[in-house]
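There are 2 protein chains.
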Amino acid sequence: MEVHKVVAPPHKSTAAKLKTRLKETFFPDDPLRQFRGQPNRTKLIRAAQYIFPILQWCPEYSFRLLKSDVVSGLTIASLAIPQGISYAKLANLPPIVGLYSSFVPPLVYAVLGSSRDLAVGPVSIASLILGSMLRQQVSPIDDPVLFLQLAFTSTFFAGLFQASLGILRLGFIIDFLSKATLIGFMGGAAIIVSLQQLKALLGITHFTKQMSVVPVLSSVFHHTNEWSWQTIVMGVCFLLFLLATRHLSMKKPKLFWVSAGAPLLSVIVSTLLVFVFRADRHGISVIGKLQEGLNPPSWNMLQFHGSHLGLVAKTGLITGIVSLTEGIAVGRTFAALKNYHVDGNKEMIAIGLMNVVGSATSCYVTTGAFSRSAVNNNAGAKTAVSNIVMSVTVMVTLLFLMPLFEYTPNVVLGAIIVTAVIGLIDLPAARQLWRIDKFDFLVMLCAFFGVIFLSVQNGLAIAVGLSLFKLLMQVTRPKMVIMGNFPGTDIYRDLHHYKEAQRIPGFLILSIESPVNFANSNYLTERTSRWIEECEEEEAQEKNSNLRFLILEMSAVSGVDTNGVTFFKELKKTTAKKDMELVFVNPLSEVMEKLQRADEDKEFMRTEFLFLTVAEAVASLSTKGPSLNNV
Amino acid sequence: MEVHKVVAPPHKSTAAKLKTRLKETFFPDDPLRQFRGQPNRTKLIRAAQYIFPILQWCPEYSFRLLKSDVVSGLTIASLAIPQGISYAKLANLPPIVGLYSSFVPPLVYAVLGSSRDLAVGPVSIASLILGSMLRQQVSPIDDPVLFLQLAFTSTFFAGLFQASLGILRLGFIIDFLSKATLIGFMGGAAIIVSLQQLKALLGITHFTKQMSVVPVLSSVFHHTNEWSWQTIVMGVCFLLFLLATRHLSMKKPKLFWVSAGAPLLSVIVSTLLVFVFRADRHGISVIGKLQEGLNPPSWNMLQFHGSHLGLVAKTGLITGIVSLTEGIAVGRTFAALKNYHVDGNKEMIAIGLMNVVGSATSCYVTTGAFSRSAVNNNAGAKTAVSNIVMSVTVMVTLLFLMPLFEYTPNVVLGAIIVTAVIGLIDLPAARQLWRIDKFDFLVMLCAFFGVIFLSVQNGLAIAVGLSLFKLLMQVTRPKMVIMGNFPGTDIYRDLHHYKEAQRIPGFLILSIESPVNFANSNYLTERTSRWIEECEEEEAQEKNSNLRFLILEMSAVSGVDTNGVTFFKELKKTTAKKDMELVFVNPLSEVMEKLQRADEDKEFMRTEFLFLTVAEAVASLSTKGPSLNNV
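Chains Y and G, in that order, are what the protein sequence lines are. So for the first sequence, this note's numbering puts the first residue at 32; every next one is plus one. So for the second sequence, this note's numbering puts the first residue at 32; every next one is plus one.
Worth flagging that the hints you see were computed from the coordinates, not collected in a lab. Computed from a predicted structure; not experimentally measured. Any given hint could be a false lead.
Note: identical chains are not told apart, hence a pair may lie in one copy or across any two.
Cut-off 25 Å, straight-line C-alpha distance, at most; resulting in silico cross-link-like pairs (SDA-like, lysine to any residue) [said to hold, decoys possible]:
1) K36 to T520
2) K48 to L476
3) K50 to V307
4) K54 to L75
5) K633 to V176
6) K600 to E567
7) K633 to A367
8) K36 to I513
9) K98 to V423
10) K369 to K604
11) K369 to K633
12) K633 to G324
13) K36 to A650
14) K74 to V245
15) K50 to E565
16) K469 to P518
17) K600 to N376
18) K633 to Q65
19) K345 to L201
20) K530 to E565
21) K320 to M504
22) K510 to F207
23) K345 to I493
Modelling step: build the complete structure from the supplied sequences, incorporating the hints.
Encoded structure:
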């Protein structure tokens, strides 16, 4: 049998290695690839297009596209107006701030964003977190101006943080919110948000400021005397109507416009009802007078000093990361659906700048919303122009239509919020988690109950902590596979998986399935010595056989550190004491280099015990006599 | 060519899987193996031996062993007495506590410990940390009783924590202190400790309470008027003597007794000098009167309430983990040298109980010391009886010899400490780190400078944080290898490592070298799509060829979670859009199961695209025509 040599990898300097490593870490998508080998003019144009994606599609924009975009833009505007008002209330902000936030940020995103389907605006979860975190220190009722200042400053920090992640190419940080975490977190948040709406739906005036289930429910049942039957009747009617339209649109996706238009219709109908019957004098609370006019500047309201700075920065960080996760996920989902590419880091910069600009123009945290983007996509949006159309519609509303909302009852806004967030409770996904991965299910439960019973931040922290713990455990307890031969072939596979595979007498063949480093070298030492002992016992039962070779299949050892090197050195000594030879199969380039560098005495990387495949190692070593041990 | 089927792994229930997983995680050494299939009597004996390792060797103990143990016990006692006094001063404790700590804990360890070479007693680094952390809140001079109470309580917590790690089988936590961290940390601590000794060596009376380099040096040079030449002369003489003996013993290991006996000799000589010349009246500070008698009980001094509880618990945690690391490492080193096995978790219980008992008998944190164990081993120690001999010697000292230390000068204790810790600065190891792994070198530097310029805890925290960050980065940016064929063989290896390997037209063969999970699925998506694009470009240059198959070699994918499953599903969709087929090679049992469970539509785990080896996949797929895409 011909034996292939394991050769040293092509030489690379430390600087070159560092460069490759940094590139793989921070530029896995190689964004500069498109510039390479192009004339300067092209480079310039591509750079401009890279920074402002609007330049990519603008020159080819046609009337046909515009028609689609206008339809979808108007559709999402009809959703954005009632949702904007509702979500602002969820964040304890004046309703008009929700509309402001649906005007400026979509314009910014249309210029900078690379997704064609993202519909930008305030979202429920970020609103909830912003409102509840700030309320820990400042009351939105007693000190509304300060509260507004903190909200804008948080928005600024959120934007700054998001843009920094993108610029520093640290976008992978949002990956640490795993699918399981998000499902649990969103489900919990949806329940918290819905429970908060009981205030509006039941017409309660004295309501707890806390967010978690227990105080909210106790607040609800301690104020039964405040329940207003007029409010409840109205709330139930509109809630049923909204849920019915939602159900219809889910059954027949073509009727998406039914659920998209329902909130605005509810607002109009309920406002008319209140106005005609003067129901605001009969226990139904209404929004009240709203100021007309476009976004006032708010950069003078940003506060970068004082006792609340820590809170504001933390709020910005958490709302920033949560809203970023939603925005990026939405962008990626629709990009995959329509087969175009969304650059995560670029999106982060776009969303971040959008929030920075927003914070200076009376907007609070915005991002690409799941539900609204789905409507946008269903309505046939082709480009970011639909965002511009929505923005213009909101502008018209802000300029001329604000007085119409004076009699809009709060209970309808509550119903709109409940209908919007109910979709965040994803039971099929939870069932899927249970089926595929029990640990992920546990993570989901932790996020869910953490959000419900502790707080949004703690729930998130527990779930992320648990996920990271699992990662660390996987590194600390790496998989090792004991391999056997498929008789008559060169194939070696897991003995415990394939019954066909057979142990070869005299050989113990182990495959290490992970990098070897400080976190697992002790475990590997213990585990290996147990494999060896068990194997020796087995060999002892068969006669005429003793364990002579420990073959380590290293294809999956993608890296070693100093502790890892020590592991191999110690293993070499241990096996030598037992008169066994340590054989390496297919070490990867980096690992091989490090082992060789550590091997001053040329002891364990001897070419006669270094093979390219297990089959060649076994074949080659079997032919040599037992005298080999004395080489 | 015969094609081997990838079969489903043998069925296992969730409970069975959980059991295996837990066993691999917490009982990798399978400590109950020795009990299996034994008669009850044997089981009982083995259980007793398991809990009290002394029972393992006691019955076979002989006079010959005793002789060795007495010699080595006396040798380490001669080291333990001056070191005990010195280290207690390092911890800001009365010198006698150091001797108490060399009496009880060795007895406890002799019964419970499984190492035969560990010499137990106070150690420099744990003493330093204990003293400096407690001094942050309580002054050992103004409030010595409270300080002592806190020291004993910290010792209790340290012991409790250590024993808990062992009992809960969480011993792997100390693995997170990597070799690089330890080298940097010990070097930094040695320098801090040595600088602290400048107080004694220069005879300064007003000295800073801080530990880091800058305040200590400024303290030294701001009090030049306090420098006492008598002290300096004496200090330099004894320091040179001690360093010379140390150097001699390192050159000629047979003369280990020279450096082992030197500290005691220095104490005796210097005490005599002081006594004869009454040097204590000429600027040389001495220990002063010491109380005679054995350890008084101290359980009534443990304080589990009050404002210092947090500090005490934290101090216990950090000293506990640092001293445990030293003890376990020493035990493992000598066990490997003499070819016996030390059970990490059992050692933790032994060391932990030793400290719990110690805290009730006026001892502070103790563990197995590097230097003393080396002397013990060199002096021929055979069993833990050498610890008992040392303990008895210390007892005799405590009972009868205490008055002799009244005139011992502090400067000699300082010299002893400097000589002891200087060996912790391991330059060759640092050079080795630089050669093998630059990142480990960086971690070491962080630990070193963190300890020197910030604080012991912060230095440690930074280094551990950096190590964990690297682990996470490895998980987040896993290695992927693009494989090529060795012409004329079935071997497929890294194209960039082996020039021999050649790409097979129409195939892109990728090997994923890590579990696929939430932390890396997005990266893998981006990276894979780039591989595909690059490969398509290459194929486009050659005529008559287009990319038809993406083969994923999955041998190294040791696990997937829900995000990982989604990655494969999305990849299937992406490849399908490009008219490519996704082929899996050798998925491990767990991965295969999860993918199958997630694959309701039987879409991507179709047997015709599932192979056991890359070679079989290529051979089998090449023969099929291009019509395959339309299957």
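How the hints compare with the structure:
no. : hint         : result
1   : K36 to T520  : both (20 Å within a copy, 13 Å between copies)
2   : K48 to L476  : between (42 Å within a copy, 21 Å between copies)
3   : K50 to V307  : neither (71 Å within a copy, 68 Å between copies)
4   : K54 to L75   : within (23 Å within a copy, 60 Å between copies)
5   : K633 to V176 : neither (73 Å within a copy, 58 Å between copies)
6   : K600 to E567 : within (21 Å within a copy, 43 Å between copies)
7   : K633 to A367 : between (52 Å within a copy, 21 Å between copies)
8   : K36 to I513  : both (24 Å within a copy, 19 Å between copies)
9   : K98 to V423  : within (15 Å within a copy, 96 Å between copies)
10  : K369 to K604 : between (58 Å within a copy, 12 Å between copies)
11  : K369 to K633 : between (56 Å within a copy, 24 Å between copies)
12  : K633 to G324 : neither (80 Å within a copy, 57 Å between copies)
13  : K36 to A650  : both (14 Å within a copy, 24 Å between copies)
14  : K74 to V245  : neither (59 Å within a copy, 52 Å between copies)
15  : K50 to E565  : between (45 Å within a copy, 20 Å between copies)
16  : K469 to P518 : neither (36 Å within a copy, 44 Å between copies)
17  : K600 to N376 : between (42 Å within a copy, 23 Å between copies)
18  : K633 to Q65  : neither (46 Å within a copy, 38 Å between copies)
19  : K345 to L201 : within (18 Å within a copy, 33 Å between copies)
20  : K530 to E565 : within (19 Å within a copy, 40 Å between copies)
21  : K320 to M504 : neither (57 Å within a copy, 53 Å between copies)
22  : K510 to F207 : both (23 Å within a copy, 19 Å between copies)
23  : K345 to I493 : both (17 Å within a copy, 22 Å between copies)
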